[in-house]
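Q: Taking the hints into account, I'd like the entire structure generated from these sequences.
One line per chain: the protein sequences are A and B, in this order.
Per the numbering used here, residue 1 is the first one in the first sequence, and the count goes up by one each step.
Per the numbering used here, residue 1 is the first one in the second sequence, and the count goes up by one each step.
I should point out that these hints are in silico values taken from the structure, not numbers from a laboratory.
Here a beta-carbon is modelled for each residue, glycine too, at the ideal position from N, C-alpha and C.
Please note that the accuracy of each hint is not assured.
Unchecked claim - Derived lysine to any residue pairs resembling SDA-like cross-links, with alpha carbons at most 20 Å apart: (1) B/K55 x A/F234; (2) B/K211 x B/E84; (3) B/K211 x A/L86; (4) B/K55 x A/L241; (5) B/K55 x A/A239; (6) B/K55 x A/R238; (7) B/K55 x A/R90; (8) B/K258 x B/E290; (9) B/K55 x A/G92; (10) B/K201 x B/P29; (11) B/K55 x A/A232; (12) B/K55 x A/A242; (13) B/K55 x A/L86; (14) B/K55 x A/E237; (15) B/K55 x A/E93; (16) B/K211 x B/P29; (17) B/K211 x B/G22; (18) B/K55 x A/R195; (19) B/K55 x B/E118; (20) B/K211 x B/N39; (21) B/K55 x A/R233; (22) B/K55 x A/A94; (23) B/K55 x A/T235.
Said to hold, decoys possible - According to the in silico footprint, chain A covers these stretches of chain B (three or more CB under 8 Å from chain A): (24) 45-52; (25) 84-90; (26) 103-111.
Unchecked claim - Listed below are several chain B residues computed to face chain A (Cβ distance under 10 Å; list not exhaustive): (27) D73; (28) R76; (29) G80; (30) G134; (31) F158.
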Amino acid sequence: MLTDVAIVVSKELREIVFPDGRLQGGARNILVFVVIVGLLFPLQTGPAWFTSWMTVQAACFPIILVLGFTADSFAGERERHTLETLLASRLGEAAIVVGKVLAVVVYAWMLVIACQVVALVGLNVVHRDHGLMFYRPAILLSILVIGFLAALVTSAMGVLVSLTAPTVRAAAQRMLVPFLAIFALPALAPLLLSRLHLEHLPAPRLTPVTIVALVGVACGLLAVAFMSIAIARFTRERAVLA
Amino acid sequence: MTAAIRTQELTRDFGALRALDGLTLEVPPGLIFGFLGPNGSGKTTTIRVLLGLIKPTAGAAQVLGCDVVREADRIRERSGALLEHTGLYERLSAEDNLDYYARIARMREGDRRARIRELLVQADLWDRRREPVGRWSRGMKQKLAVARALVHRPSLVFLDEPTGGLDPVAAAAFRHDLAGMVTRDGITVFLTTHNLTEAEKLCGRVAVIRKGRLLAVGHPDDLRAKASSVPVATFVGSGFNGRVTALIESRPEVASVKATDSQMEVQLRGGAELAPLVALLVSAGAAIEEIRRPKATLEDLFLDLVDDRTAEPESPSR
Chain A
1 MLTDVAIVVS
11 KELREIVFPD
21 GRLQGGARNI
31 LVFVVIVGLL
41 FPLQTGPAWF
51 TSWMTVQAAC
61 FPIILVLGFT
71 ADSFAGERER
81 HTLETLLASR
91 LGEAAIVVGK
101 VLAVVVYAWM
111 LVIACQVVAL
121 VGLNVVHRDH
131 GLMFYRPAIL
141 LSILVIGFLA
151 ALVTSAMGVL
161 VSLTAPTVRA
171 AAQRMLVPFL
181 AIFALPALAP
191 LLLSRLHLEH
201 LPAPRLTPVT
211 IVALVGVACG
221 LLAVAFMSIA
231 IARFTRERAV
241 LA
Chain B
1 MTAAIRTQEL
11 TRDFGALRAL
21 DGLTLEVPPG
31 LIFGFLGPNG
41 SGKTTTIRVL
51 LGLIKPTAGA
61 AQVLGCDVVR
71 EADRIRERSG
81 ALLEHTGLYE
91 RLSAEDNLDY
101 YARIARMREG
111 DRRARIRELL
121 VQADLWDRRR
131 EPVGRWSRGM
141 KQKLAVARAL
151 VHRPSLVFLD
161 EPTGGLDPVA
171 AAAFRHDLAG
181 MVTRDGITVF
191 LTTHNLTEAE
201 KLCGRVAVIR
211 KGRLLAVGHP
221 DDLRAKASSV
231 PVATFVGSGF
241 NGRVTALIES
251 RPEVASVKAT
261 DSQMEVQLRG
271 GAELAPLVAL
281 LVSAGAAIEE
291 IRRPKATLED
301 LFLDLVDDRT
311 AEPESPSR
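A: Written out as structure tokens, the structure reads:
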């Protein structure tokens, strides 16, 4: 199964990185996010980028890209009439689902890492008078772990939605609400609480490390749940007759 | 010799609709088996069941000796398919499309490269192997899709209306390639088509289905012989005057006559012989230069069979 998953991942990545059969379109996507998350955000933040916990949240920004790719995963194959031929091959259903999820995760995670490398270089060049700067280990680890898990949960959710959606457009629309629920609400929670004058309510005092750990565990559990449902739902018969 | 495909009372329902209704047939190995039927007759459903993509509601089927329900993975491993659509990834190049399916089939890298080259050269697509196939003509895509179905050297290939949408030149080239492939590699081809001329030219055996039921199966020549022969004879010559026409019309084997000075079209009753009519015409003074009596084609049989008024399913047949 692992070899089959790797085969699907490499083909999916090829389509993501070379969307028109050329690197041009794919490179444009990558460049936009590298400029925004790898240069603009860090340069606005300054050296604090390496020490602030907000960096972890900002670093996950490229995961927005996952929405489009996962919407396309099954609904796109159905629209372009490639799914039935794929199902007529010897590939197992689980390998197809896992391969499609992991391809997007690998892409998004690599983008998260690429942005941080660019940020590291950019900030060190711009603020060279500060000497050599590097991420606090806890921040860097959190970016890598949360970046991976957030990409995983989004991708798994997207593939599950794409499995049941008749078109790519329908899949993208259906994904927007859960995506906002998972990512935007936690980010907006402090603002909402202050607007509703609820910030004075007793709340457990959590350290950033605990919050990151909780978010990581939640993402992991959700990803496992979404993947399990997607694998259970994806049968040849259901896919062919959908 | 073991049959490549064997079905017994294969049935598939979609809710209240019975798409396959007790289909029993046997496909011998090493030939092109034509599976004919009008739209919605159950051809695609049959292929889907045989590939293990959907399960039968009742009955059984074995493909390459494997049961379609319990051993569907083995069937898909050993067979290739070009389904209703080409199924090509249009953003990928021809080479990448073939490479993907060759890797899925777990072919080794050296073998994979050699096989891809062999197929692309055969299909005359080698020079364009690095282009995304989305920019190609339908004929080129169809050739590539066949190459993809063959990349892992399957012993059985399912082709679902492969010449649909091709221009006559591309379709003829496709038929030529397909026939060559079967002769060269000895594979079995399960071919569904609407093109009866194509079936007549290519297939060593054909089956006709309608509403999921098998109506006829056999060699195209045998089936043509079964077809109600076209009961019309046309005499070309001179002297087909009113007296001669009346004489012919009076014969019991003649249903009707239409005549001009130079031509007489005689509608015959079933099984009538022409020789006595020729003798009668000559003795009545008509000069006959040519007699035309069109032979029944597979199309005649097909139209006979799928005609709602005449269609009666064939008893389970091999």
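Q: Hint by hint, note whether the structure agrees.
A: Here is what the structure says about each hint:
1. The suggested pairing of B/K55 with A/F234 holds, with an alpha-carbon distance near 15 Å, which does not exceed 20 Å.
2. Note on B/K211 and B/E84: the hinted pairing holds, with a Cα-Cα distance of about 19 Å set against a maximum of 20 Å.
3. A threshold of 20 Å between alpha carbons decides the hint, and for B/K211 with A/L86 the separation of about 28 Å lies outside it, so the pair is violated.
4. This hinted pair checks out: B/K55 and A/L241 have alpha carbons roughly 11 Å apart, not beyond 20 Å.
5. The suggested pairing of B/K55 with A/A239 holds, with an alpha-carbon distance near 13 Å, which does not exceed 20 Å.
6. With a C-alpha separation of about 11 Å, the suggested pairing of B/K55 with A/R238 holds against the 20 Å cut-off.
7. At roughly 17 Å between alpha-carbon atoms, B/K55 and A/R90 fall within 20 Å of each other, so this suggested pair holds.
8. Taking the CA atoms of B/K258 and B/E290, the gap is near 16 Å; set against the 20 Å cutoff, the hint holds.
9. The straight-line distance between the Cα atoms of B/K55 and A/G92 is roughly 16 Å, inside the 20 Å bound, and the hint therefore holds.
10. For the given pair, B/K201 sits about 18 Å from B/P29 by alpha-carbon distance, which is consistent with the 20 Å threshold.
11. Proximity of B/K55 to A/A232 is assessed by CA-CA distance (about 17 Å); at most 20 Å being required, the pair is judged to hold.
12. About 15 Å separates the Cα atoms of B/K55 and A/A242, which keeps this hinted pair within 20 Å; it holds.
13. At most 20 Å may separate the alpha-carbon atoms for a hinted pair to count; B/K55 and A/L86 meet this at roughly 17 Å.
14. At roughly 7 Å between alpha-carbon atoms, B/K55 and A/E237 fall within 20 Å of each other, so this suggested pair holds.
15. Between B/K55 and A/E93 the alpha-carbon distance is near 16 Å, which keeps this suggested pair within the 20 Å criterion.
16. Among the hinted pairs, B/K211 with B/P29 is inconsistent with the structure: their alpha-carbon atoms are about 26 Å apart, more than 20 Å.
17. A C-alpha spacing of about 11 Å is found between B/K211 and B/G22, which places the hinted pair at or below 20 Å, so the restraint holds.
18. Proposed proximity of B/K55 and A/R195 is contradicted: the alpha carbons are some 57 Å apart, above 20 Å.
19. Taking the CA atoms of B/K55 and B/E118, the gap is about 35 Å. The hint is violated against a cut of 20 Å.
20. The suggested pairing of B/K211 with B/N39 holds, with an alpha-carbon distance near 9 Å, which does not exceed 20 Å.
21. Distance check on the hinted pair: B/K55 and A/R233 sit about 16 Å apart at the alpha-carbon level, within 20 Å; holds.
22. Proposed proximity of B/K55 and A/A94 is supported: the alpha carbons are some 19 Å apart, at most 20 Å.
23. Distance check on the hinted pair: B/K55 and A/T235 sit about 11 Å apart at the alpha-carbon level, within 20 Å; holds.
24. Look at the region 45-52 of chain B against chain A: 3 of its residues bring a Cβ nearer than 8 Å to a Cβ of that chain, three or more, so the hint holds.
25. Under a criterion of three residues with beta carbons nearer than 8 Å to beta carbons of chain A, the stated coverage of the region 84-90 of chain B is upheld, 7 such residues being counted.
26. With 4 residues having a Cβ less than 8 Å from any Cβ of chain A, the region 103-111 of chain B passes the three-residue criterion, so the hint holds.
27. This hint holds: B/D73 has a C-beta 6 Å from the nearest C-beta of chain A, less than the 10 Å allowed.
28. The interface hint given for B/R76 is met, as the beta carbon of that residue sits about 5 Å from the closest beta carbon of chain A, less than 10 Å.
29. Annotation: interface hint on B/G80 holds; nearest CB of chain A at approximately 8 Å, less than 10 Å.
30. Look at B/G134: its Cβ gets to within about 7 Å of chain A, closer than 10 Å, so that hint holds up.
31. Checking B/F158 against chain A: minimum C-beta separation of about 8 Å stays under 10 Å; hint holds.
Checked against the numbered hints above, the structure violates hints 3, 16, 18, 19; every other hint is satisfied.
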